[in-house]
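J.: Using the sequences and the hints given, assemble the complete structure.
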Amino acid sequence: MSLRRSTAESGQRARAVTAVAVTWLVLAGLAAAVGLVMAEPAGASTGINLDERFSITPARHYVVARPPARLGSTDVANTTRSTLRVRVFPVLLTQMPSGAFSFDPSPAGVLAAQRVLDAGPASFKLAPGASRRVDLRWRGLPANARTANVGVIYQATPPAEPAPVRIVEQLLGVNILRLPGHYRLTGQLTGVHVAQVKPGTLRFTLSIDNTGQAVVGPSRLVLTIRDQYGALLLNKRLPTDIVLPGATRDFTLNVKHQLPAGRYTVRGHAAFGSSHRLAAIDNFELVGPNELPTSEVQIGPLIGKGAIGESAQVDATLKNIGTEAGNTAVDVSLYRLIDGVPGQIPVATRHIVTESVAPGKTRGLSSDIGRLRTGTYRLVASYYDSNGIPQTLISDFQAQQQLGILAQLRSFDSEHLLLIPSLLLLMGGGSIGLLLIRERHLKSALAAAERRVRRYD
Amino acid sequence: MTSKISVRALYLTAVAAAFLTGAGPAAAASTTQPLTGTALETIAIVGAPASFTTNFQAGSTATTTGVLTATDTNNNWSLTVSDAATGTPGHMVAATLGCSGSEAKLQNPLSVSVTSPLGGVTSAGAVSISGSPQTVASATSQPLAASLLTTNYSQTINSGETLLTGCVYSLTATYTLQ
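Protein chains in written order, with the working numbering: chain G, 1 to 457; chain X, 1 to 178.
Treat each hint with caution, since some may be false.
Covered stretches of chain X, going by a simulated chain G footprint (3 or more residues, C-beta under 8 Å) [unchecked claim]: (1) 43 to 55; (2) 69 to 76; (3) 137 to 150; (4) 167 to 176.
Facing chain G, a subset of chain X residues (Cβ under 8 Å, in silico) [what the hints assert, rightly or not]: (5) Gly66; (6) Met92; (7) Pro133; (8) Tyr153; (9) Gly160.
If you're looking for bench data, these hints aren't it; they were derived computationally from the structure.
Model, not experiment: these values are computed from the prediction.
Just so you know, even glycine gets a beta-carbon here, dropped at the ideal spot from N, CA and C.
T.: So, in structure tokens, the structure goes:
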């Protein structure tokens, strides 16, 4: 039953791919014929053109069989003007949320993959205009496994050229392998999210978990948006693709359809294998047409200071000029200046994640870093603004001489006028405390009188 | 006249390709093993090396562009970049000859952004090359016809770095198409 379904799926898929390939070939041919393709002149200036390529066909195999089994071959072709050194090796595949496959190309990773799939020849030279078949053989499965998802890397290295940036090309062939039989094909729609990708464009993401035992894709994936009164504003079917078992995959839709400021509800609906009527919901608010509220935290003047033998004090002001509360992360580096030039390596670094700032509000940022010696220092604070553009603030300062105990007391006393006399009063030095308080009052009165005299003058 | 011939030739090539690709699954299904289904996609790539011609000096940011041609008949495709070098992948390294006294490697990693005039291609923006593959361009629901992609390289060189005149720095970028 599953074999028949698989054959039908494969047939449909092959026909669809063939149709796409034919369409693209015809379109490319038409474009080339009428001179629409700008590739020719650009390619000529860079030394390659669209006819030159390192290619593999087919790029994917979907197989239901019992190992050991021959999977067929892959044609590797070179239409460039150089002889390519080709290396072929298998890798075990995992899948990232974007849908892209990731793999471990280390010797251990390749060895693990070779126990499942053998690709040969493992290396060869491919002359210009030549092609070669690489045979794929399914050798076995890891213990207790009924499926395997194995990639084959076809790596081409052109002759070494004396250029600063040299290129090695890799093509990833994908082999989805499974034993005959029934599989649990289930999934979950774990969420729907909205993000601002650029002004005027919102990106909606539906996240799907493959909780089943085999590779499958959602058979239906629909996104709807309603306003706060329940009116349906958008109903769109998303294109789907495969999800590996155990992987989470994000399916995205960019929406340029103008939605005015207001509150909305987005719903995702999906069917995945035997899991039907999957749904996820999220509410969001727009502060302008297709504009999500965003935080935009700016960092104001940076001030560095400190005494010899102590940490440098970092002070700055955070201001959120965005429409949503947010924070930012700042990398602070402390350099010692020698003849006004900072050393190559900072004497201390610190990564600070700021506290959240409400929209339109400001907040102080205060921290310390490193330990100061005699000399001049440069404090450099770097952060990314809301547009992802790096911002840098600089503050140069001289490490101050540390104050003696008496000087520190005097400095403290001048900043806290009545604190020391009050403490003396409490500790029993009543007359001295009272005298000090009277002295402070007299000083204040004198200063006020001086100010009045100056005003009359 | 030439255009008509080119179109017809391309159309015939396309039809032949369609016939050949259509034959694949049937041939696979006729084997004695219960072996089924082969989707005949083609993926292809080729890249040209790139050179920095100006600003490759301390205290500057050198930029240059290169080109990749790529084809992917999958609806969803992605292109990643990595540097397989051991030690400090992503950092340009001085040649073994003629670089005595020059920095052995640059402090900042080489960054690249891949752009395309085609609609539907999503560029990941500037990416600092490292030992791990990072996506630089991708698309969903859009196959990639034989297309030119522009690789925009940027190398920031700190003012404190010592670069000897004539010393050649290089890096090998591995692009993977899937």
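J.: If a hint holds in the structure, say so; if it does not, say that too.
T.: Okay, the hints, checked on the actual structure:
Taking a C-beta to C-beta cut-off of 8 Å, the segment 43 to 55 of chain X contributes 10 residues in contact with chain G, enough for the three needed, and the coverage statement holds. Given a C-beta distance limit of less than 8 Å, the hint that chain G covers the segment 69 to 76 of chain X holds, as 7 residues qualify and 3 suffice. Requiring three or more residues with a Cβ within less than 8 Å of a Cβ of chain G, the coverage given for the segment 137 to 150 of chain X holds, as 8 such residues are present. A stretch counts as covered by a chain when three or more of its residues have a beta carbon under 8 Å from one of that chain; for the segment 167 to 176 of chain X and chain G the count is 9, and the coverage holds.
The beta carbon of Gly66(X) is positioned within 8 Å of a beta carbon in chain G (closest approach about 6 Å), and the interface hint is therefore held. Look at Met92(X): its Cβ gets to within about 7 Å of chain G, closer than 8 Å, so that hint holds up. Annotation: Pro133(X) was flagged as interfacial toward chain G, and the flag holds, the nearest CB pair being 7 Å apart, inside 8 Å. Satisfaction of the interface hint for Tyr153(X) is found here, the shortest Cβ-Cβ separation to chain G being roughly 6 Å, below the 8 Å cut-off.
At about 4 Å, the closest approach between the beta carbon of Gly160(X) and any beta carbon in chain G falls short of 8 Å, and the interface hint on this residue holds.
In summary, this structure violates none of the numbered hints.
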